[in-house]
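Chemist: Here the protein sequences come in this chain order: A and B. Note that full-length UniProt numbering gives residue 314 to position 314 of the first sequence, counting from 1, and the numbers run on in steps of one. Note that full-length UniProt numbering gives residue 187 to position 187 of the second sequence, counting from 1, and the numbers run on in steps of one.
Derived by calculation from the structure, the hints in this document are not laboratory data. The beta carbon of each residue, even a glycine, is placed where N, CA and C say it ideally should be. Hints are all accurate, no fakes.
Taking lysine-lysine and the BS3-like style, the derived pairs with C-alpha atoms no more than 27 Å apart in a straight line are:
#: 1; chain 1: A; residue 1: K123; chain 2: A; residue 2: K146
#: 2; chain 1: B; residue 1: K176; chain 2: A; residue 2: K123
#: 3; chain 1: B; residue 1: K176; chain 2: A; residue 2: K144
#: 4; chain 1: B; residue 1: K176; chain 2: B; residue 2: K255
#: 5; chain 1: B; residue 1: K35; chain 2: B; residue 2: K219
#: 6; chain 1: A; residue 1: K146; chain 2: B; residue 2: K255
#: 7; chain 1: B; residue 1: K255; chain 2: A; residue 2: K144
#: 8; chain 1: B; residue 1: K176; chain 2: A; residue 2: K90
#: 9; chain 1: B; residue 1: K46; chain 2: B; residue 2: K35
#: 10; chain 1: A; residue 1: K146; chain 2: B; residue 2: K176
With beta-carbon atoms standing in for the labels, derived distance ranges:
#: 11; chain 1: A; residue 1: S119; chain 2: B; residue 2: G210; range: 49 to 59 Å
#: 12; chain 1: A; residue 1: H148; chain 2: B; residue 2: A17; range: 36 to 46 Å
#: 13; chain 1: A; residue 1: G153; chain 2: B; residue 2: R88; range: 28 to 38 Å
#: 14; chain 1: A; residue 1: H148; chain 2: B; residue 2: S6; range: 43 to 53 Å
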Amino acid sequence: MSSATVEFSPWTDPDTTPLISFEGVTKRFGNFTAIDNINLNIYPREFFALLGPSGCGKTTLMRMLGGFEEATEGTITIDGQDMAGIPANKRAVNMMFQSYALFPHLTVADNIAFGLHRSPMPKSEIQGRVDEMLRLVQLQKFAKRKPHQISGGQRQRVALARALAKAPKLLLLDEPLGALDKKLRQETQFELMDIQETTGTTFVIVTHDQEEAMTVASRIAVMDNGLLKQVDTPDRIYETPNSVYVADFIGDVNIVTGTATTVDGDATQLTWAEGVAPIKGMTGAQVTQGEPASFVIRPEKVSINKSEPEASNKVQGQVLDIAYLGNMSTYHVELPNGQIIKSQTANNRRIARRDITWEDTVWLSWTETAGIVLRD
Amino acid sequence: MRRMTSFNVVSLTLGFAFLYIPMLILIIYSFNESKLVTVWAGFSIKWYGELLQNEAFLDAAWVTVKVGFFSSTIATVLGTMAAFVLVRSGRFFGRTLFSGMIYAPLVMPEVITGLSLLLLFISLSVDRGVFTIVLAHATFSMCYVSVVVSSRMATFDQSLEEAAYDLGCTGWDAFKSVTLPIIAPAVISGWLLAFTLSLDDLVIASFTAGPSSTTLPIKIFSSVRLGVSPEINALSTIIIGLVTVGVIVASITSKRALVRRQQETV
Ligand SMILES: Nc1ncnc2c1ncn2[C@@H]1O[C@H](COP(=O)(O)OP(=O)(O)OP(=O)(O)O)[C@@H](O)[C@H]1O
Ligand SMILES: [Mg+2]
Chain A
1 MSSATVEFSP
11 WTDPDTTPLI
21 SFEGVTKRFG
31 NFTAIDNINL
41 NIYPREFFAL
51 LGPSGCGKTT
61 LMRMLGGFEE
71 ATEGTITIDG
81 QDMAGIPANK
91 RAVNMMFQSY
101 ALFPHLTVAD
111 NIAFGLHRSP
121 MPKSEIQGRV
131 DEMLRLVQLQ
141 KFAKRKPHQI
151 SGGQRQRVAL
161 ARALAKAPKL
171 LLLDEPLGAL
181 DKKLRQETQF
191 ELMDIQETTG
201 TTFVIVTHDQ
211 EEAMTVASRI
221 AVMDNGLLKQ
231 VDTPDRIYET
241 PNSVYVADFI
251 GDVNIVTGTA
261 TTVDGDATQL
271 TWAEGVAPIK
281 GMTGAQVTQG
291 EPASFVIRPE
301 KVSINKSEPE
311 ASNKVQGQVL
321 DIAYLGNMST
331 YHVELPNGQI
341 IKSQTANNRR
351 IARRDITWED
361 TVWLSWTETA
371 GIVLRD
Chain B
1 MRRMTSFNVV
11 SLTLGFAFLY
21 IPMLILIIYS
31 FNESKLVTVW
41 AGFSIKWYGE
51 LLQNEAFLDA
61 AWVTVKVGFF
71 SSTIATVLGT
81 MAAFVLVRSG
91 RFFGRTLFSG
101 MIYAPLVMPE
111 VITGLSLLLL
121 FISLSVDRGV
131 FTIVLAHATF
141 SMCYVSVVVS
151 SRMATFDQSL
161 EEAAYDLGCT
171 GWDAFKSVTL
181 PIIAPAVISG
191 WLLAFTLSLD
201 DLVIASFTAG
211 PSSTTLPIKI
221 FSSVRLGVSP
231 EINALSTIII
241 GLVTVGVIVA
251 SITSKRALVR
261 RQQETV
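With the hints as constraints, model all of the structure from the sequences given.
Modeler: What follows is the structure, given as structure tokens:
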């Protein structure tokens with residue numbers, strides 16, 4: 001997805017030292033386990049996204065990095081230093097809070113200067129740094145305003161400037177863009193990526209929005225119930241999820257359950273209904289022959305045709321529903337055994353010229369490498 | 001707005017008359033020429049002049065102000081700290097007991113509070129004077145302060161303090177630079193409340209005052225027993241005036257603070 005000339009992938013290089021490392025970190029509140037034995041390395045200059053359903057422990061993980069929660073077990077190191085017992089005000093880490101947490105009694109400029117006044121920076125340089133930050137987030141005109149006198153999007157940028165002012169090694173962003181409308185959010189995402197590139201800060205971002213994670217992140221961690229389900233680049237998370245959970249969580253997906261009948265290297269066949277040919281797909285993580293498994297495939301990888309195509313996987317069904325999304329349409333096709341498969345195609349023709357409509361009998365097809373067979 | 005019916009007008013008039021006629025009479029008679037409180041003999045401000053000559057009253061007034069200032073300051077510090085612990089510490093062993101015990105003096109009869117303080121001072125053989133009244137007043141008014149401050153603390157966004165730590169504050173610095181300025185209106189109204197309570201307290205002050213430390217309420221009460229003098233009317237009028245100004249200022253500031261908070265929590 002990212003098309004940088006020099007591939008940025010420090011996680012593949014065993015010689016790079018991580019900026020952050022979690023080793024067997026567990027966090028319990030009473031007897032409730034919020035974070036369950038996590039091992040994770042995050043590298044300098046990464047834009048690392050934490051993704052997962054509500055209550056899965058994203059904020060908790062963040063707060064442990066910020067110094068607001070202590071790990072119950074395991075060690076967290078930042079820049080080689082064990083963080084146990086080090087309070088928030090002694091860490092080279094800054095956090096941008098979900099609620100922004102701007103100080104209501106201080107002006108925008110004073111909010112940004114707040115951390116600088118408590119740093120070794122000489123007094124004479126503070127004003128310059130504040131101006132630089134105001135320029136970065138384009139708020140020069142609002143320096144003298146109080147937080148309640150600016151808009152939501154501007155407040156969010158003040159919070160970002162305040163967290164960046166001390167030039168932390170690590171910036172934590174807890175759902176930073178949650179309050180913004182879609183357009184402003186997209187603009188801000190690119191702004192964030194820009195800022196990250198110019199400042200060289202490592203970002204860890206929590207988000208509910210998987211599209212946002214795909215856009216900004218160098219790597220994504222998908223969490224569930226305090227566990228890390230998969231940590232990978234956005235394209236690998238999307239293309240080769242390691243579990244049905246991850247596949248289902250990220251984007252739209254078709255899931256066909258059955259039994260892995262033949263596992264032959266990269267290729268696996270899944271028997272899923274009587275009297276039809278098995279589905280051929282890629283072998284996913286930990287699939288074993290004869291065990292129950294699921295075939296997952298993205299709707300945009302399924303082609304839809306009125307006539308029988310030449311393909312290694314093809315099934316016939318009836319169009320149940322068509323969802324028109326403007327630039328694309330999603331066809332819900334019911335197979336004879338009741339299974340519903342979604343197929344998504346770009347609308348490169350006007351709607352009136354579409355040749356497939358409700359109740360039509362159609363052929364769905366996909367290649368051998370379009371989908372993946374995963375263990376249940 | 002609906003029009004007032006004549007019934008409403010009558011009940012409103014009666015209610016206010018009931019509340020304010022006694023004070024109005026007191027104020028009118030403070031400008032009475034005659035020494036007799038019940039006979040009107042023309043307008044004069046001479047009793048105000050005499051009041052300023054009366055050393056005993058002036059001393060008592062000074063003691064009252066001192067006691068009010070120091071006791072409400074101590075009560076504000078202690079009450080704010082108590083409010084903090086109550087709102088912040090979440091559940092700790094004995095929390096319910098602790099919060100109950102902080103609020104109990106609100107409903108405790110003053111006679112009992114006064115008596116128990118008196119017994120305490122006697123058993124510790126502390127000489128009664130300004131110091132003991134200050135302690136006594138701080139004791140009973142700190143619970144009022146903690147009620148006022150904790151109701152503000154309950155709506156205080158804790159992530160503001162975390163943000164302060166995150167930006168390098170120590171605990172005290174975070175309190176001083178972030179928490180206190182934000183809850184300041186509540187702390188100030190707590191202080192004003194404590195000051196007012198201290199000013200008009202008679203019962204507890206009587207128990208804990210010494211011979212050299214008469215407060216104004218004690219002084220007024222004891223002189224009235226010898227007969228009401230126009231001087232007392234004059235003094236009371238001044239006090240009514242001061243309290244009125246105080247109440248107006250307090251309500252204006254708290255209204256402003258409310259409006260500001262509503263703006264800030266968008
Ligand atoms: N201080 C606490 N005491 C007890 N339980 C807590 C505490 N903080 C968090 N939890 C629990 O830990 C779990 C993870 O919480 P966390 O705030 O990390 O979730 P999250 O992934 O950030 O969710 P969301 O997306 O809704 O913000 C939740 O079930 C929550 O109830
Ligand atoms: Mg959260």
